[in-house]
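**Q** Spelled out, the chains give:
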Amino acid sequence: MKDFEPVIVAFCCHYCAYTAADMAGSLRLCYPPNVKIIRVPCSGKVDVIHLMQAIERGADGVYVAGCLEGDCHFKTGNAKAARRVAYVKRLLQEIGIEPERIEMIMMSAGMGERFAATAEEFTDRIRRLGPNPVNLMGATKTHDPHNASPAQKESAAR
Amino acid sequence: METESVLERVFKAGHLAVTSECGPPRGALPDKIREKAEVLRGHVDAVNVTDNQTAMVRMSSLTACIVIRQMGLHPILQMVTRDRNRLALQSDLLGAYAFDINTMLCLSGDHPHFGDHPMAANVYDLDSMQLIQTVRTMRDKGTFQGGEAIGNPPKMFIGAAANPFADPFELRVRRLAKKATAGADFIQTQCIYNLDKFEKWMEGVRRRRLHENLFIMAGITPLKSAGMARYMQKKVPGMDVPDELVKRLAALPKDNQADEGITIAVEAIERLKKVEGVHGFHIMAIEWEHKVPEIVRRAGLYPRPAV
Amino acid sequence: MITAERKPIQEIINFVSPYKNLLLVGCNECVTVCSAGGRKEVALLSSALQVAFMKSGRVINIRELTLERQCDPEYVEQLVPVIDSVDAVLSLACGCGVQEIARRFKDKMVFPGVNTKFMGASERPGVWAERCQGCGDCLLGVTGGICPIARCSKRLQNGPCGGSSNGKCEISPDVDCVWQLIWDRLKALGLEDRYEAILPAKDWRSGRGGGPRKIVREDLM
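Chains as they are written, first to last, in my numbering: chain L, 1 to 158; chain W, 1 to 307; chain X, 1 to 221.
If we strip away everything but chain L, and leave its shape as in the complex, we get (with noise of 0.2 Å):
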């Protein structure tokens, strides 16, 4: 496992975890570029199906990292986003992928420190973990079943 580098997808909210990784840019702090983000309004606009979607696509790890309990800019938004997280937990046992490949992780606007750290931490977990299992048989590469045509389909299938 001494090339792999995971891919790692974070959805966050605008309001306090995008907000922590721009304070951890200004501070220049350093956090692995395995990282990918995707900025949300609110931790709460991510749902089941773009966890599982970002999973199914061959993201090694997934989080959602929305504001500290209670200070949601829209309430109720990061406790629905921890909810559907645990949900998807649940369902990647399901199905014998490790569920800690996904987590819910909340912070604040002024933590950039906090911001670098989990995503070190987050990096390091899934590194230990290893690649997603759909990655290691080859078929992410030619497999996009929501997109495809029935010719890529039928390919695929192959």
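Calculated from the structure, these hints are not laboratory results.
Cβ atoms here follow ideal geometry from the backbone N, Cα and C, with glycine treated the same way.
Treat each hint with caution, since some may be false.
Unchecked claim - Pairs of lysine-lysine residues, derived as DSS-like cross-links and limited to a Cα-Cα distance of at most 30 Å, are as follows: (1) X:K55 to W:K235; (2) W:K197 to X:K187; (3) L:K36 to X:K7; (4) L:K80 to X:K20; (5) W:K235 to W:K247; (6) X:K108 to L:K45; (7) L:K89 to L:K45; (8) X:K20 to L:K89; (9) L:K89 to X:K55; (10) W:K224 to W:K274; (11) W:K224 to W:K12; (12) X:K55 to X:K7; (13) W:K200 to X:K168; (14) W:K224 to X:K20; (15) L:K80 to X:K187; (16) X:K40 to L:K89.
Stated by the list, open to error - So, partial list: chain W residues that the calculated Cβ filter (under 8 Å) puts toward chain X: (17) H111; (18) Q145; (19) A149; (20) N163; (21) D167; (22) K234; (23) P237.
What the hints assert, rightly or not - Have a look at the derived ranges for each label pair, beta carbon to beta carbon: (24) X:K20 to W:S60: 34 to 44 Å; (25) W:S60 to X:V80: 56 to 66 Å; (26) W:L87 to X:E123: 50 to 60 Å.
Chain L is fixed; fit chains W and X onto it per the hints.
**A** Chains W and X in isolation, oriented as in the chain L frame:
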């Protein structure tokens, strides 16, 4: 008399009746019933035989009743509606009467959730109220619940249960009225520890004059220990055990608690004898049947009247 | 609505693993409302199955489609153009829908992806509770609008039993004693005396006891 039931004769002769209970074994072991029932001979007027109590499979109430009848004792056939539909219930009543069993008790039955077969389909074709109506119709009209005539209809003396301590309390007298309307002849209550609450219920019963046509038997279960008292207080739904009782037992060393439990039971009987509308006592000493004769004697209810 | 819950994934995988081309059909009615088998759940399950199969080096072709309802033949007919391109169908509709697809496409394996549970209503978002057992002879008019057949653990029509405690059923503190609810409602409506009217033995023929049921409306045929 409506029936040939010994219990009916005792009530109508103006005596306080005494009944107790026999739980059939969890196996094809008729001798166990004989042992338990023999202990009670001469000290009770009739013996209840439970029906898959707490939703655990036991030898059937009907067959255990037959064993007891053949000993020359008088069984009370308990029937729950949980396990059998109206065909089977009426069928068993015919069978019971064919073996000279003439007293029965109608119950809904504990939910299978509590028993050894929680996965079973619960029947509940009838509820206890509708069973009372059915048995009454069989006796008074000589017809099955479906309307057809019965050859030699069973004439059962019909009992029902009452729990003055279950919620909602304000409903419990009305519920008794319903059972009276349905056709019950006698009532056995859940075991009583909170005598004040029981007397309050009896006030409501008397206000509605239900005691004039229903023979009410007060349920008595002797406490074996403070532990048992606490368990019944906390873990058994519909049970009311006052704290003073628990404390009274807990104040004694373990070895003395059982005797105190018997004393408490006897005291309760003495107090309840004086309550207008109480026509007898139903002593449930589960797995402690050998104490029943002592309780009956100490409560001044021995010997049983010859009727 | 009719409520349902997704079957355990492993059970679904065991159903569909022999097949290469699967049609995953959702339903836009009841199972959408209880978030078990609508468009979103179809996408989610499809994704989860893909992951499960890719893990073992396979790719399964899943075609996703959500019908307005699966319990009307007109809608099931909409599957005709795609049915030949698949080897098996996984339906997330309630048992009614699954059977309609099986009836229409006699030579196609159809599997249920959900366990149909009960007829119920939403108590609050994410919580559905049983309300109706389809006994066929509704007595809600005499029980203050609360059903003891569906909501009493012993389906007592003359309850409560002696196990009612603090408004809860003897089987669990999480289950309301429906007879407490009925009594409270009768009180609120000033109908306490109605409690003493005995509901006689029920004729279960109007329910499942009389065999599988049918409704025929000749004016609509």
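**Q** Hint by hint, work out which the structure violates, then give me just those numbers in ascending order.
**A** Hint check: 1, 3, 4, 6, 11, 14, 15, 19, 22, 24 and 26 fail, others pass.
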